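Chemist: So you can see what is in the structure, the chains are spelled out below.
Number of protein chains: 2
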Amino acid sequence: MNYWKRLLIGAPIHTKQLSEEKLTKKKALAIFSSDALSSVAYATEEILLVLVLIGTQALMYSIPIAFAIMLLLLIVTLSYRQIIHSFPSGGGAYIVAREHIGRNTSLTAGAALMIDYVLTVAVSICSGVAALLSAFPALLPYRVELAVILVIVLMIINLRGIRESANIFAFPTYIFVASIIIMIGFGIWKLQAGNWHHLAVPYHAEHFSLFSSFGTTFLLLRAFASGCSALTGVEAISNGVPAFREPSSKNAVITMFWMSFLLGTMFLGITFLANGFGVEPKENVTVVSQIANHVFGYGFFYYFIQIFTMLILFLAANTAFAGFPQLVSIIAQDGYLPRNLTKRGDRLVFSNGIIFLSVLAILLIIIFQGETHALVPLYAVGVFLSFTIAQYGLIKYFLERKSQQKVWSRIIVVGIGMIITGIVTIITAVAKFQSGAWMVVVAIPCMVLLFHKIHRHYSDLASQLSLQGQDPKQMVKVSPSKVIIPISSVSRVAINSIGYAKSISNDVVALTVYFDEKQKERAEKKWKELGLDIPLVTVHSPYRSLLMPLLQYIDALEESERGKYITVLIPQFFVKKWWHIFLHNQTAFLLRAMLLWRKDIVVSTIPYHLRK
Amino acid sequence: MNYWKRLLIGAPIHTKQLSEEKLTKKKALAIFSSDALSSVAYATEEILLVLVLIGTQALMYSIPIAFAIMLLLLIVTLSYRQIIHSFPSGGGAYIVAREHIGRNTSLTAGAALMIDYVLTVAVSICSGVAALLSAFPALLPYRVELAVILVIVLMIINLRGIRESANIFAFPTYIFVASIIIMIGFGIWKLQAGNWHHLAVPYHAEHFSLFSSFGTTFLLLRAFASGCSALTGVEAISNGVPAFREPSSKNAVITMFWMSFLLGTMFLGITFLANGFGVEPKENVTVVSQIANHVFGYGFFYYFIQIFTMLILFLAANTAFAGFPQLVSIIAQDGYLPRNLTKRGDRLVFSNGIIFLSVLAILLIIIFQGETHALVPLYAVGVFLSFTIAQYGLIKYFLERKSQQKVWSRIIVVGIGMIITGIVTIITAVAKFQSGAWMVVVAIPCMVLLFHKIHRHYSDLASQLSLQGQDPKQMVKVSPSKVIIPISSVSRVAINSIGYAKSISNDVVALTVYFDEKQKERAEKKWKELGLDIPLVTVHSPYRSLLMPLLQYIDALEESERGKYITVLIPQFFVKKWWHIFLHNQTAFLLRAMLLWRKDIVVSTIPYHLRK
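First to last, the protein sequences are chains A and B.
Counting from 1, position 288 in the first sequence corresponds to residue 288 in full-length UniProt numbering; the numbering is continuous, with no gaps.
Counting from 1, position 310 in the second sequence corresponds to residue 310 in full-length UniProt numbering; the numbering is continuous, with no gaps.
Please note that the accuracy of each hint is not assured.
Stated by the list, open to error - Restricting the straight-line Cα-Cα distance to at most 25 Å, the calculated cross-link-like pairs of lysine-lysine (DSS-like) are: (1) A:343 / B:525; (2) B:482 / A:482; (3) B:564 / B:482; (4) A:250 / A:26.
Claimed, not checked - Short derived list, chain B residues pointing at chain A, Cβ under 10 Å: (5) 338; (6) 496; (7) 604.
Hints were generated in silico from the structure; no laboratory data involved.
Here the structure is a predicted model, which means the values were calculated and not measured.
Backbone N, C-alpha and C fix where the C-beta goes; we use that ideal spot for every residue, glycine too.
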């Protein structure tokens, strides 16, 4: 067990190594930005998938939509620059709201972020598998299995620890970015060389009339909302500031700007090429795969792009493995999630958070059968909700700082950001409500309720366990306990247990169950012969059960000795070979299990190890 | 839990009701004979399945083979009459061999009988399902599922107790016998009325020349061996004599003769009709189903026959539920199987034996995918082996009775039986060796080995637990135990536990694990403020594990306090709502689980129940 654990996740790491585990900008970009960067693999496709419902001619609207989304990205990046500078200790929307808005708002942000981290893993892994399946259609029947295995691999890598993750992940991120940019460059060159057939189609009047219909306007909004999935992950850096090398805020902001720039370039480029080559969304072949095919044919570079797309999406899922455990550990520290989530495992990572995330993501993948398109509608609502909350919090923070000069220019920047992201939140929730966003709309308040229930339990617990107003010296004066020893026969095991019992109490009783009178007489005779000063109580069992009469006797005793502890000493012998356990009835185990829940019963197990 | 148990198997029955649970001849015939009687549902088919390998013309050899098997039945019945009279206390081959031959022979018989009981359940259920599927081919995809469900139903019925079983089962047995006899009568009448086409084919010379080839001779022997499955279950009555009403031996013999007579009549009749109507074995439609179709068409009587065939086979499986638990309880009483198998459950039946049988039968059904033909080759070897052993034992018994007159006529009857069944054992093992009998040939010696290993364990145990040569009064002088209390914080739970610990020992130590120096100082300061006269031991955990440092400390203490008991008192608090357990780490449970296996550690759990 332990051997396998070590093989999989490595030797334990000493606590004092904690501070060494910090990230350079380059590594942090790989770790925290791959989510945002990788969304270029599916964001354009999600836009086209909605537009194609209007008609093939409407696909060209993807270009203005992409520009709108890039504008949104710029606004969010500028806002988040203020957030990183103002709140360098990390935690993002959750912490900002906790400090400057209120409990419920911060918990709402926390719930939204948790949902989005889980979706990041599920969507990225499913999209990565889709990239792989575009290149290798023979693997199509194993979509779900592949996705689940990838999540498990990610889990193991992350349980090994954050620095090793960075090393594993830095390289492919940069290869991906480079190869996509090369693909865009080659693509544009190819289009100029004469393949520019699609965008040349003139804008006919009927296209403009599209807006006249409510249905198509709604579909355009849905296309925009789907494209907004490109922005998920932008907040990851602001949550992860403490993981950066000093000066951590400055490094984080620089990293975020680089990320936004790369994201914008790639997203616009891919959307542009999709239109240039006249790509339409297809089942089982991704849009990026089609573009790569147009640019490079089915040669080496095509497979190279597909594989690195899959790798970057795998890294994107990894973003959540960096962010989610940190977020839940903060929420848990506040007492709104199980305390276990605050504990660093023996590799210094929040192991429980990592496992928790993996289990949730695997569940989602199985439920949605590994289909990216089915998962995307759930995405983005939570992200934009938390963007909005974070910016609202920052505005309140600026307004609160009475002593200092209020920086109105900053407030205006963040205010515009807040209003825009607020509107986008509503658009994503409404436009994708039917196709899945309702689940998120339902889940968030349920989670907030659960957070409160957990918090209530911990505060109840604290008050019940507190020594406030108690005198410990009085409390430890406990009257001696009665000891009961259930025995089945007069054997060495029984005598052994009696010896121990006599050493802890003067009030010891042996207890035996008999099925018929003959048995009783025999037991009493044998007991007399022993000549011990311990009474033997015999209990009759008309229905041949051993446990029930014992429990009934103990019940009665509990009643008469109310307020005192009763010790039940259970002799247990341990066999030498594993299969011998089938040769003994496990009454001792059962009895212990049933007594553990009683109020005033101390259950003691005294072992007797057989020599052979 | 208890509610469902009561609903399924009924209220517990008082021990004194044991003697009332006795069977009349009519009910006993239903319980113990359905195995033998029901084999007419498949025995003819198994013969034809082998003969058809020679050629369609060879099918007519089923008639002389059936006569040979009936002769064998007569011989076995006459032999077993002597066995019942000589050994009225039941147990059959196992007990006879134990008393009069030797330990290994009796264990061999026991193993053979156990295997055959399990096969009785598997074969009968699969054959019953086949009868059902012949009439309702829509159920074909659910062959295995249906078979498994039927075994579970049988298990529940038998857990309810033997008398109720008899009531449930008596009625369909008699209906089955009557309907098969009516079918045979109608069939013969129909054949005489002009449909007698098949048997009219003259015996050509080439058929006789079949015997000239070794291959066909071997196949004829295999056909005979397959048909011998008709005799399985004949011994059930001799094992179940004590369940009969007084005079039990006489009643058992009468019942057995009736059973043999009915079995012979039906088996010959069905084999005769199969030839008369020219029936050939088909996949998914049984031979009996084909005959019933020839006689009655697809009308009401056809379905009636199919359903009652299924019911009798269900009862046949039930035979094993009456015999197997009784057999294993006797073997367990001798110390060769787990003692648990000797215990009567709260409905007075050997519940563990019943469950054991069900599990084994379900495993067989799943492994062999519910195919009767795949299971039959394993069958019969064990039965004939035990027949032979039982008769050998009876002969030795007769020869041992020096004082009384030796009844040579009886010895000759039984001797002939023994020689014939011995030969048949070898024929079944050899002729069906490749198609599955080898498994039984391998399993029997393995089981005998296991029996011995179990026996060895129990006798080792007895000698280790014996008080022979020991002075109990000296043994109970045990020096006081050191008590260790692992605590995580200074809370009411901890103080509570310390109070109890002080009441059982003067040597109490509190133990806490710290991750860094600050934690240690804080804990030590708090402890001093308490002002208790108990030392606090602090243990450092560099890798943030709670369990490992605790276990290491206890290891070291175990070394220094060798020979004395160390009590580890584990405070455990119990939450009010089930989901609260996720909010606490289960260190106490884990610690207890890991300490339970240590030699000199008494593990005591002291409960602290939360009020809310």
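Chemist: Does each hint fit the structure? Answer for all of them.
Modeler: Evaluation of the provided hints:
Proposed proximity of residue 343 of chain A and residue 525 of chain B is supported: the alpha carbons are some 24 Å apart, at most 25 Å. For the hint pairing residue 482 of chain B with residue 482 of chain A, the CA-to-CA distance comes to about 19 Å; that is within 25 Å, so the pair holds. At most 25 Å may separate the alpha-carbon atoms for a hinted pair to count; residue 564 of chain B and residue 482 of chain B meet this at roughly 8 Å. Taking the CA atoms of residue 250 of chain A and residue 26 of chain A, the gap is near 14 Å; set against the 25 Å cutoff, the hint holds.
The criterion of a C-beta within 10 Å of any C-beta in chain A is met by residue 338 of chain B, whose closest approach is roughly 5 Å, and the hint holds. Evaluation of the residue 496 of chain B hint against chain A yields a held restraint, the C-beta minimum of about 7 Å falling below 10 Å. Restraint check, residue 604 of chain B versus chain A: the minimum CB separation of about 4 Å is within 10 Å; hint holds.
Of the numbered hints listed earlier, not one is contradicted by the structure.
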